[in-house]
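*Asks:* Sequence:
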Amino acid sequence: MPVVSVSVPSTILEEVETIKENEGYASRSELVRTALRDYVNNYKVKKQLEGTLNGFLSITYPMGDKMCSDKIKELHHAHDQVVRGSLHLHFKEETCFDVWVIEGKAKQILALIEQLKAIRGTKHVGKDLISV
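To convert a position in the sequence shown, counted from 1, into the working numbering, add 74.
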């Protein structure tokens, strides 16, 4: 099996160690392999989706990051035919948390998700989608 070296922030490494211990993984490598398999599987499923999707997107980003916030707002308005509603909250006075209710063609929604992930500064872009 090939060996791959990855640099991660110490905070993530600490969380990985905690998960490894709590979930009973034999090693960090085993945990990372499982996470990568899950990611690859989700990627394959995502690429196979067709038709109309409903669901929601969750986006977190730093409260003071105006460039990130502006780009997210631009995408929101540019995709108003897909974004049916939204909610904006602040967590711990440092993180913005947006929830978008979405409905539209799978290809449009998946493209929107990729655009959100590509914005520098986004901490998390989550999705819960169902095919209608």
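In case anyone wonders, no lab produced these hints; they're calculated from the structure.
One should not assume that every hint holds.
Lysine-lysine pairs mimicking DSS-like chemistry, simulated, CA-CA at most 25 Å apart [as the list claims (entries may be wrong)]:
| no. | residue 1 | residue 2 |
| --- | --- | --- |
| 1 | LYS181 | LYS191 |
| 2 | LYS94 | LYS179 |
| 3 | LYS120 | LYS166 |
| 4 | LYS121 | LYS197 |
| 5 | LYS181 | LYS140 |
| 6 | LYS166 | LYS121 |
| 7 | LYS140 | LYS120 |
| 8 | LYS181 | LYS94 |
| 9 | LYS181 | LYS147 |
| 10 | LYS120 | LYS197 |
| 11 | LYS140 | LYS118 |
| 12 | LYS166 | LYS118 |
| 13 | LYS147 | LYS94 |
| 14 | LYS94 | LYS140 |
| 15 | LYS145 | LYS201 |
| 16 | LYS181 | LYS121 |
| 17 | LYS181 | LYS145 |
| 18 | LYS94 | LYS197 |
| 19 | LYS118 | LYS179 |
| 20 | LYS191 | LYS201 |
| 21 | LYS145 | LYS94 |
| 22 | LYS140 | LYS179 |
| 23 | LYS181 | LYS166 |
| 24 | LYS120 | LYS191 |
| 25 | LYS197 | LYS181 |
| 26 | LYS118 | LYS181 |
| 27 | LYS120 | LYS181 |
| 28 | LYS197 | LYS140 |
| 29 | LYS118 | LYS147 |
Label-pair distances were calculated between CB atoms; the ranges are [claimed, not checked]:
| no. | residue 1 | residue 2 | range |
| --- | --- | --- | --- |
| 30 | ALA152 | GLY129 | 14 to 24 Å |
| 31 | ARG194 | SER160 | 31 to 41 Å |
| 32 | ALA152 | VAL173 | 31 to 41 Å |
| 33 | LYS166 | VAL77 | 18 to 28 Å |
Predicted, not measured: the structure shown is a model, and the values here were computed from it.
Backbone N, C-alpha and C define an ideal beta-carbon position, used for all residues, glycine too.
*Asks:* Run every hint past the structure and note whether it holds.
*Replies:* Taking the hints in turn, this is what the structure says about them:
no.	hint	in the structure
1	LYS181 - LYS191	holds, 15 Å
2	LYS94 - LYS179	violated, 38 Å
3	LYS120 - LYS166	violated, 32 Å
4	LYS121 - LYS197	holds, 23 Å
5	LYS181 - LYS140	violated, 28 Å
6	LYS166 - LYS121	violated, 35 Å
7	LYS140 - LYS120	violated, 30 Å
8	LYS181 - LYS94	violated, 36 Å
9	LYS181 - LYS147	holds, 20 Å
10	LYS120 - LYS197	holds, 20 Å
11	LYS140 - LYS118	violated, 33 Å
12	LYS166 - LYS118	violated, 35 Å
13	LYS147 - LYS94	violated, 37 Å
14	LYS94 - LYS140	violated, 36 Å
15	LYS145 - LYS201	holds, 19 Å
16	LYS181 - LYS121	holds, 9 Å
17	LYS181 - LYS145	holds, 20 Å
18	LYS94 - LYS197	holds, 22 Å
19	LYS118 - LYS179	holds, 18 Å
20	LYS191 - LYS201	holds, 11 Å
21	LYS145 - LYS94	violated, 36 Å
22	LYS140 - LYS179	violated, 30 Å
23	LYS181 - LYS166	violated, 34 Å
24	LYS120 - LYS191	holds, 14 Å
25	LYS197 - LYS181	holds, 23 Å
26	LYS118 - LYS181	holds, 14 Å
27	LYS120 - LYS181	holds, 10 Å
28	LYS197 - LYS140	holds, 14 Å
29	LYS118 - LYS147	violated, 29 Å
30	ALA152 - GLY129: 14 to 24 Å	holds, 19 Å
31	ARG194 - SER160: 31 to 41 Å	violated, 21 Å
32	ALA152 - VAL173: 31 to 41 Å	violated, 18 Å
33	LYS166 - VAL77: 18 to 28 Å	violated, 38 Å
Of the numbered hints given earlier, the model fails hints 2, 3, 5, 6, 7, 8, 11, 12, 13, 14, 21, 22, 23, 29, 31, 32 and 33; all others are met.
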